[in-house]
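Colleague: Here's the letter readout for the chains.
4 protein chains.
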Amino acid sequence: MNETTSEPGTPTIRFRTNRMEAFSDGVLAIAITLLVLEIAVPTAASANLLQAVIDAWPSYLAYFVSFATIGAVWLWHTVITEFLDHADSVFLRLNLLLLLVVAFLPFPTKLVADSLRSTDNERVAVTMYGVNLLLASVLLSLLWRYAAAKRLIHPDASDEDVVLLSQRITPGLGGYVVLIVIGLFAPTVAVFGYLALAAFITLPGRARRPSRAGGGGKPTS
Amino acid sequence: MNETTSEPGTPTIRFRTNRMEAFSDGVLAIAITLLVLEIAVPTAASANLLQAVIDAWPSYLAYFVSFATIGAVWLWHTVITEFLDHADSVFLRLNLLLLLVVAFLPFPTKLVADSLRSTDNERVAVTMYGVNLLLASVLLSLLWRYAAAKRLIHPDASDEDVVLLSQRITPGLGGYVVLIVIGLFAPTVAVFGYLALAAFITLPGRARRPSRAGGGGKPTS
Amino acid sequence: MNETTSEPGTPTIRFRTNRMEAFSDGVLAIAITLLVLEIAVPTAASANLLQAVIDAWPSYLAYFVSFATIGAVWLWHTVITEFLDHADSVFLRLNLLLLLVVAFLPFPTKLVADSLRSTDNERVAVTMYGVNLLLASVLLSLLWRYAAAKRLIHPDASDEDVVLLSQRITPGLGGYVVLIVIGLFAPTVAVFGYLALAAFITLPGRARRPSRAGGGGKPTS
Amino acid sequence: MNETTSEPGTPTIRFRTNRMEAFSDGVLAIAITLLVLEIAVPTAASANLLQAVIDAWPSYLAYFVSFATIGAVWLWHTVITEFLDHADSVFLRLNLLLLLVVAFLPFPTKLVADSLRSTDNERVAVTMYGVNLLLASVLLSLLWRYAAAKRLIHPDASDEDVVLLSQRITPGLGGYVVLIVIGLFAPTVAVFGYLALAAFITLPGRARRPSRAGGGGKPTS
Chain A
1 MNETTSEPGT PTIRFRTNRM EAFSDGVLAI AITLLVLEIA VPTAASANLL QAVIDAWPSY
61 LAYFVSFATI GAVWLWHTVI TEFLDHADSV FLRLNLLLLL VVAFLPFPTK LVADSLRSTD
121 NERVAVTMYG VNLLLASVLL SLLWRYAAAK RLIHPDASDE DVVLLSQRIT PGLGGYVVLI
181 VIGLFAPTVA VFGYLALAAF ITLPGRARRP SRAGGGGKPT S
Chain B
1 MNETTSEPGT PTIRFRTNRM EAFSDGVLAI AITLLVLEIA VPTAASANLL QAVIDAWPSY
61 LAYFVSFATI GAVWLWHTVI TEFLDHADSV FLRLNLLLLL VVAFLPFPTK LVADSLRSTD
121 NERVAVTMYG VNLLLASVLL SLLWRYAAAK RLIHPDASDE DVVLLSQRIT PGLGGYVVLI
181 VIGLFAPTVA VFGYLALAAF ITLPGRARRP SRAGGGGKPT S
Chain C
1 MNETTSEPGT PTIRFRTNRM EAFSDGVLAI AITLLVLEIA VPTAASANLL QAVIDAWPSY
61 LAYFVSFATI GAVWLWHTVI TEFLDHADSV FLRLNLLLLL VVAFLPFPTK LVADSLRSTD
121 NERVAVTMYG VNLLLASVLL SLLWRYAAAK RLIHPDASDE DVVLLSQRIT PGLGGYVVLI
181 VIGLFAPTVA VFGYLALAAF ITLPGRARRP SRAGGGGKPT S
Chain D
1 MNETTSEPGT PTIRFRTNRM EAFSDGVLAI AITLLVLEIA VPTAASANLL QAVIDAWPSY
61 LAYFVSFATI GAVWLWHTVI TEFLDHADSV FLRLNLLLLL VVAFLPFPTK LVADSLRSTD
121 NERVAVTMYG VNLLLASVLL SLLWRYAAAK RLIHPDASDE DVVLLSQRIT PGLGGYVVLI
181 VIGLFAPTVA VFGYLALAAF ITLPGRARRP SRAGGGGKPT S
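First to last, the sequence lines map onto chains A, B, C and D.
Using the numbering used here, count along the first sequence one by one with no gaps and you end on 221.
Using the numbering used here, count along the second sequence one by one with no gaps and you end on 221.
Using the numbering used here, count along the third sequence one by one with no gaps and you end on 221.
Using the numbering used here, count along the fourth sequence one by one with no gaps and you end on 221.
Chain A with its partners taken away, still in its complex shape (with noise of 0.2 Å):
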């Protein structure tokens, strides 16, 4: 199960998976449970308590929104480290970069929320938010793309299933991109769609993993 490609003396430095997991993990647990805290809390004081939590609806909205799509990224990213084996320094930096996108998302979520109710500048909020679900979509797709072509990935898994997962984790880009024009006209129709894209295009489901969960698995995870 182990045999991989371990050539000593390559001069490049493998590292072990499970930090880079744990971490990653940390992030997206923290990023998408923070979203709450964007909501605000209608004041006591206010006449209508009902009246007022309904009317915070926009706030309901992006955070379903946003919670989907951090959650949609988890499991791409969930998928990715069941395909990998090891990991190299720019494979890090790259996962970084997809975490400092992911970890911004609050900011243009809570922008979205204030700008649905005045509905005057939704349009800046709503490319601002798409544009950045946008990236996080391109980042992970990089990611992907990088671990295949450097040959990261656990030598057990199928070559069909490395062509598969490459084909299936394109098409959120389009969409988002559809989505971001859409958004300049008709912002409100754009944060639904959003909604439709993390709910649907979420995970393969075709493509097998290497079979590690009832069989070895890898020791250091």
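For the record, the hints were derived by calculation from the structure and aren't laboratory data.
From a predicted model like this one, the values you see are computed outputs, not experimental measurements.
For glycine and all other residues, C-beta sits at the position ideal for the given N, C-alpha and C.
Accuracy of the hints is not assured; some may be wrong.
Here are some, though not all, of the chain A residues that point toward chain B, as calculated from beta-carbon distances under 7 Å [what the hints assert, rightly or not]:
1) 26
2) 33
3) 39
4) 50
5) 54
6) 71
Starting from the structure of chain A, add chains B, C and D where the hints point.
Modeller: Here is chains B, C and D on its own, set in the frame of chain A:
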């Protein structure tokens, strides 16, 4: 120990459980720790800090109830993953839904803490809070039933243990429904009820875990 | 290494310690990192930022004391889990209580930071703070004693090590009681005392861990 | 692989590194993710959201610099723990000191973001920021040197790798000292310098890790 049902060629993806556990631990740990941020600090300018601190009792009560509830969710989640052999993509999505609901809890917690002092809006806040707790309980139950139905459970687990856990994971649901109704008439009573419910219905007292702690253990976690 | 006391048929649940460790690490890491949010940033409008930054010294002091204390809790918690073979459901509940107390600490920390500048309310804030620290110390001690009494400890651990650790885990308690009393008369002195206490009473200097680091190791963690 | 220097009877405590890694990953992940909370969201009431978002550039700059720096600290920390066989209590304390300094970073980050707009107080804020970065770099270097001096390093690591890493972990220090001095005269230039420094000095390009990724791996992590 590991000759699980990993028929090669199976079209569904089998995930190791370790990243799902790490991500869930992260989200639950952050949600439970963020609760303290919702306790408004009395301004130092207040003439009598002791009085101000005592007057903030609804904040402490809400803190304890939410902490106990998220703690109970974590305990049950740990019981489920102790039985789990592997996850599939539907399980991971159900788990994300559960995390979405739990990560949302600080928001109604804050509403309850604020409204218990201004008796006017108590009913709305406490009902929202109860529905959130009920949803968490429903999703936890769904997670377990899905795992049992799809045979994601470790093959060493005895059938009686699975049946026993299925029975014990239910009662919380009835309690939450009853308390939501009580909360419509006596909100403060319901909040104490939620505290008692979280304290009592935490762990199955009789179910036995598959004997992994002392023996083999999952290789991948 | 693994022929532990796992009599099949035992009615109590035996938990692997890895999720308890991960969840505790998460809560402690978040509590320790949230502390910085309590330091109020001087407004950029202030005529003299340097003076404003210097005037905020009670915030830095409170930050250091709480950081050192949570760090000490983490160190002791790590020592305990190094000895731990498995957990039971009571241990997990005691652990949740400890986490509840530690996760609450940012609140009195903020009170202390605010009140040290306005000398009026110092006594109330520092006493609350001290009681919180004392409770954390008591629960940490309880956790260890429960583990020792219920034989949750790794069978490789020598009896003398267990006795030694039981002796060394106590002194913090007396120190906190003394400092709480001192704090009633000289609050600022007590805060420096808490800093010294956290710095000194951190790790047992002589107790030996069961030899797992170099040798076998728990397979599941 | 595991016949390490675990002489039984050694009086110092040997810790497995997994909890230290998990706790450090947690603190670094939280600190890096909290940074986004420091970006003030322009109020929706502002006439021109686009202008307001553009005017907030110092916040984004400070976000990127601090993210890159904490990312670099995490990368170096991972390199160190890849070489680490076990920890002792002094190493854990040094590590806590490093975490204290890194967890403090969001505070001067906020100061820098605020002051870059009001040119008056730039110098104070940027100097505080630089000293914080320098301290992190010094502690990271100390951590490695202590591990090398006390032979906490995995016995498989070659001496040349250890020497090489000792050389490469130093240059950041000089850079920070120079930039602190530059910051006294040209604060904004220094901030861009910190960004460049974090981007460049991240990973040793030549040092080789002990061959564990493909081969054995530590059993306990």
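Colleague: A separate judgement is required for each hint: does it hold in the structure or not?
Modeller: Hint check results:
This hint holds: residue 26 of chain A has a C-beta 6 Å from the nearest C-beta of chain B, less than the 7 Å allowed. Look at residue 33 of chain A: its Cβ gets to within about 4 Å of chain B, closer than 7 Å, so that hint holds up. Given hint, residue 39 of chain A at the interface with chain B, holds; its Cβ is 5 Å from that chain's nearest Cβ, closer than 7 Å. For residue 50 of chain A, the interface hint holds, since its Cβ comes within 7 Å of a Cβ in chain B; the closest pair sits about 5 Å apart.
Violation of the interface hint for residue 54 of chain A is found here, the shortest Cβ-Cβ separation to chain B being roughly 10 Å, above the 7 Å cut-off. The interface hint given for residue 71 of chain A is met, as the beta carbon of that residue sits about 4 Å from the closest beta carbon of chain B, less than 7 Å.
The structure fails hint 5 only (numbered hints given earlier).
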